[in-house]
Amino acid sequence: MKKTIQNLLLMLIGVALLRITVVSGEYLNYVRPAFRILLIATAVIMLLLGAVGIWIDARTPDQDEQDSRHDSNVNGGGHGYADGLADHDSHHHGPDHGHSHKAGAPRTAWLLFLPVLAIFLIAPPALGSFTASRATARSAPAAAPPSKGYAPLPDGSPVPMSISEYIGRAFAPHDGLPATLPGHRVVLTGFVMPSGQGRWYLARLHIACCAADAFAMQVSVRGAAMPPKDSWVQVTGAWTPPPKTNRTIVQPIAALAVSRIPKPHDPYE
Amino acid sequence: MTDRAAFRTASHDAFGNLGDEDVLPPHDWAPGRPPNLRIRVIWVAALIVTVLALGRLYVAPHVQVQVVQAWTTVFLAICVQALPFLIFGVTLSAAITVFVPPGFWARALPRRPAVAVPVAGAAGAVLPGCECASVPVAGGLMARGVAPAAALAFLLAAPAINPVVLVATAVAFPGRPEMVVARFGASLATSVLAGWVWAAFGRTEWLRIPARPAVGGDRRWDAFRQAIRHDLMHAGGFLVVGGAAAATLNVAVPPGWVSGLAGIPVVSVLVLAVLAVLLSVCSEADAFVASSLTAFPSTAKLAFMVVGPMVDLKLIALQSATFGPRFAVRFIPLTFALAVAVSALAGWTLL
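Protein chains in written order, with my numbering: chain A, 518 to 786; chain B, 4 to 354.
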């Protein structure tokens, strides 16, 4: 790969990272919110590297890289100016030694265009019911309760909470902690995931670092017709005791109201 | 330092117009090149931007297949998440080779590899990153004269025993500090054992040590910049390969497969060890994945967390790119076997 292309590639990656962080917020489909500052810093470094590279390489097109990195090859004479040609390294020191003497980048560097193309051409959305339904085999345990147990819920209007907190509170009596859900109404936010025979789950994916480690949190919604698959909804309802009480049951919620909402800014919990 | 211009002229004198030097423009063309090159760069850049912008408008809305979307999301997630750490790693690696005096590491580390290996392994505790950062840093250390066995112990230990990862482990296993202790102990022991085995049996010709000639004075910043770009270009493509492989497994492995094997004692450890390799989850997140695998015994979860930061698809790709395939085919099976054995032992005694 020629140095010019390498520099452009670096700048392109920087632009793509800025596009998903500063411009659109799409990075939340892929990683935790805490990555924002890291990604912006990475983008700035990439843009700088590429811009400085283009500036310097354009002024001194056939110097620098060979100079600083290949002093030992005084008798080599094998470095093509065109980095693409340098792939056919003319002074083999053995099959494993050619690489570090090349001025250019290996052909595999072209693969770095793939994530850039994926960002612009496919712009994949957040993981949804496809992944959640696959992830049920390793469905998430309830989040561990806080060390002092769950605080009692306030009386009155329905309490918004995450699905993982709802599941945690629902399992609390199972672990010998006081039950906090009976007698209260809650509001849960998630997407619709069919569970067969017209029934459906309200699901949300939980990620620890990036979407590759996503696992599903789900509750079984009772008493409401299923909205379209993968649509985002808010379910207001109350906990009902599940028929069985083992650790792997999907906790139910008796729905009082189901309302469609736009996709949340951060699609994961 | 060789003066490049003199070198170029000399090689022309010696070889005439034969060989690869043919593709070089004569030296006196240089003044005419910059404007052409700059214009070409602008044209290529404009073309790429146009294609991407049109693609965003006309192609992206039509990609609706769920499998393709899920695959691309996971693929991008791995690439996007790893990039900051890769940048951190290659920058640190470049700084080590360009700004740290060549003799420093020889003085800082014990001379005998048998002693240097555990010291370097324990030093891994201070690099706060995941595994993508440690590969280029280990390469930089080797290029600056650190014994390969010691640099390899550092490579294996750093992503597993640094504070960020240990805190993440403690958060993922609340009320179970023995998981953190077992992870730290088993990871450090595996790294040191692997380093010692390499010191005893490893051969120089298997390992391709990245070449980094020393530079001084004004050239340093330029060498720094070029070293970063060089490492990024070499490691980046392989990171993409690893991300694509992990994404494929994420959407393709039938969900029932894994949990069915959870109950069998020895098999469950091996299953999670292999799963750690295939999923390629970042070491800062793997504790959360391990704790979500509720059907499995603690020893199997420990194996998942010990193997993952040392051997996974993107690491196999990165190590092959940095140290050569002949190194990778020997070192990776060695690490995997040691990691599984040590975590089985640690799980049996500690958990």
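Think of the hints as simulated: they come from the structure by calculation, not from any bench. In this text, a Cβ means the ideal position worked out from N, Cα and C, and glycines have one as well. Hints are not guaranteed to be accurate.
[Said to hold, decoys possible] Coverage of chain A stretches by chain B, computed from C-beta distances (three or more under 8 Å per stretch; other residues unrestricted):
(1) 527–534
(2) 555–569
(3) 669–675
(4) 704–712
(5) 725–735
(6) 766–775
[Said to hold, decoys possible] Straight line, CA to CA, 25 Å or less: simulated SDA-like cross-link-like pairs of lysine to any residue:
(7) A/LYS519 <-> B/VAL244
(8) A/LYS780 <-> B/VAL52
(9) A/LYS519 <-> B/PHE227
(10) A/LYS519 <-> B/LEU337
(11) A/LYS780 <-> B/TRP74
(12) A/LYS519 <-> B/VAL54
(13) A/LYS746 <-> B/PHE227
(14) A/LYS780 <-> B/ILE51
(15) A/LYS746 <-> A/ALA696
(16) A/LYS519 <-> A/GLU543
(17) A/LYS519 <-> B/TRP74
(18) A/LYS519 <-> B/VAL62
(19) A/LYS780 <-> B/GLY58
(20) A/LYS780 <-> A/GLN751
(21) A/LYS519 <-> B/TRP46
Comparing the hints with the structure gives:
1. 527–534: Contact hint for the segment 527–534 of chain A vs chain B: holds, 5 residues under 8 Å.
2. 555–569: Per the Cβ count (8), the hint holds.
3. 669–675: It is violated, with 0 qualifying residues against the three required.
4. 704–712: violated (count 0)
5. 725–735: Contact hint for the segment 725–735 of chain A vs chain B: holds, 7 residues under 8 Å.
6. 766–775: With 0 residues close enough to chain B, the hint is violated.
7. A/LYS519 <-> B/VAL244: holds (21 Å)
8. A/LYS780 <-> B/VAL52: Outside the cut-off at roughly 29 Å; violated.
9. A/LYS519 <-> B/PHE227: holds (19 Å)
10. A/LYS519 <-> B/LEU337: violated (37 Å)
11. A/LYS780 <-> B/TRP74: holds (20 Å)
12. A/LYS519 <-> B/VAL54: holds (20 Å)
13. A/LYS746 <-> B/PHE227: Violated, because 52 Å separates the two Cα atoms, which is more than 25 Å.
14. A/LYS780 <-> B/ILE51: violated (31 Å)
15. A/LYS746 <-> A/ALA696: violated (32 Å)
16. A/LYS519 <-> A/GLU543: At roughly 31 Å apart (the allowed maximum being 25 Å), A/GLU543 and A/LYS519 break the hint.
17. A/LYS519 <-> B/TRP74: violated (30 Å)
18. A/LYS519 <-> B/VAL62: violated (29 Å)
19. A/LYS780 <-> B/GLY58: holds (24 Å)
20. A/LYS780 <-> A/GLN751: Holds - the C-alpha atoms of A/GLN751 and A/LYS780 are around 11 Å apart, at most 25 Å.
21. A/LYS519 <-> B/TRP46: With a Cα-Cα distance of about 15 Å, the restraint between A/LYS519 and B/TRP46 holds, given a limit of 25 Å.
Violated hints for the displayed structure, listed by number in ascending order: 3, 4, 6, 8, 10, 13, 14, 15, 16, 17, 18.
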